[in-house]
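Enquirer: Sequence:
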Amino acid sequence: MDNVLDRPWTTETFLAWEDRQEGKFEFDGRDVVPMTGGSFAHQDIVFNLRELLGRLLADQSVRVGQEMRLRIGARVRYPDVLVCAGRPDQTTRTLTDALAIFEVLSDDTATTDRVAKLIDYAAVPSLRCYVLLEQTAVAATLFQRESSGPWIASAHTGGALVLPGLDVSLSLADLYHGLTFAA
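Its first residue numbered 5, the sequence shown is counted upward by one per residue in our numbering.
Some hints here could point you the wrong way.
Claimed, not checked - Label pairs and their calculated CB-CB ranges:
#1 A164 to R24: 39 to 45 Å
#2 G182 to G33: 16 to 22 Å
#3 A20 to H181: 39 to 45 Å
#4 E55 to A141: 29 to 35 Å
Please keep in mind that the hints were generated in silico from the structure rather than gathered at the bench. The C-beta atom is built at its ideal place from N, Cα and C for all residues, glycine as well.
Hey, can you work out the whole structure from these sequences and the hints?
Expert: What follows is the structure, encoded as structure tokens:
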């Protein structure tokens with residue numbers, strides 16, 4: 005890997021550099037941040053989410069992506085799962101819009117997901133909802149907005165999440181299928 009600390013970065017130089025790397029990296033507008041693997045719980049939640057969204061959205065003109073590169077101004081993020089409008093070409097590597105973004109929280113990323121990414125994702129005009137999924141309990145935080153208004157947050161520990169702009173409902177039981185948690 006190139007020594008990423010030896011040069012000033014622009015988003016364009018970062019994207020060109022990252023395209024040549026084996027791993028994935030985020031760019032927060034200043035620093036290059038390596039992406040690390042997640043736990044089995046993380047992987048199971050992402051798998052369940054991707055499968056569920058794929059079934060529920062099959063008849064809509066949207067595409068579900070997993071760990072797709074999303075450019076937001078000078079920043080580059082890799083949401084765990086996102087839904088974008090239309091049907092981008094299968095060779096697309098970088099998106100600039102999304103209707104829904106999902107992050108599975110871990111001890112290492114929770115603060116970034118709750119604060120920095122919430123701010124970053126708020127700059128995506130098309131975004132209607134941002135969902136944070138816990139991996140240590142059946143729980144989700146749904147941030148939603150209409151038009152360019154403020155985010156409205158709601159916590160969910162059961163039932164279903166209704167995703168604005170997509171007209172679908174995600175069962176938390178289905179999202180956490182196969183996982184067990186201490187009481």
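Enquirer: Confirm or reject each hint.
Expert: Each hint, compared with the structure:
no., hint, result
1, A164 to R24: 39 to 45 Å, "42 Å, holds"
2, G182 to G33: 16 to 22 Å, "37 Å, violated"
3, A20 to H181: 39 to 45 Å, "40 Å, holds"
4, E55 to A141: 29 to 35 Å, "21 Å, violated"
Violated hints, listed in ascending order, are 2, 4; each of the other numbered hints is respected by the structure.
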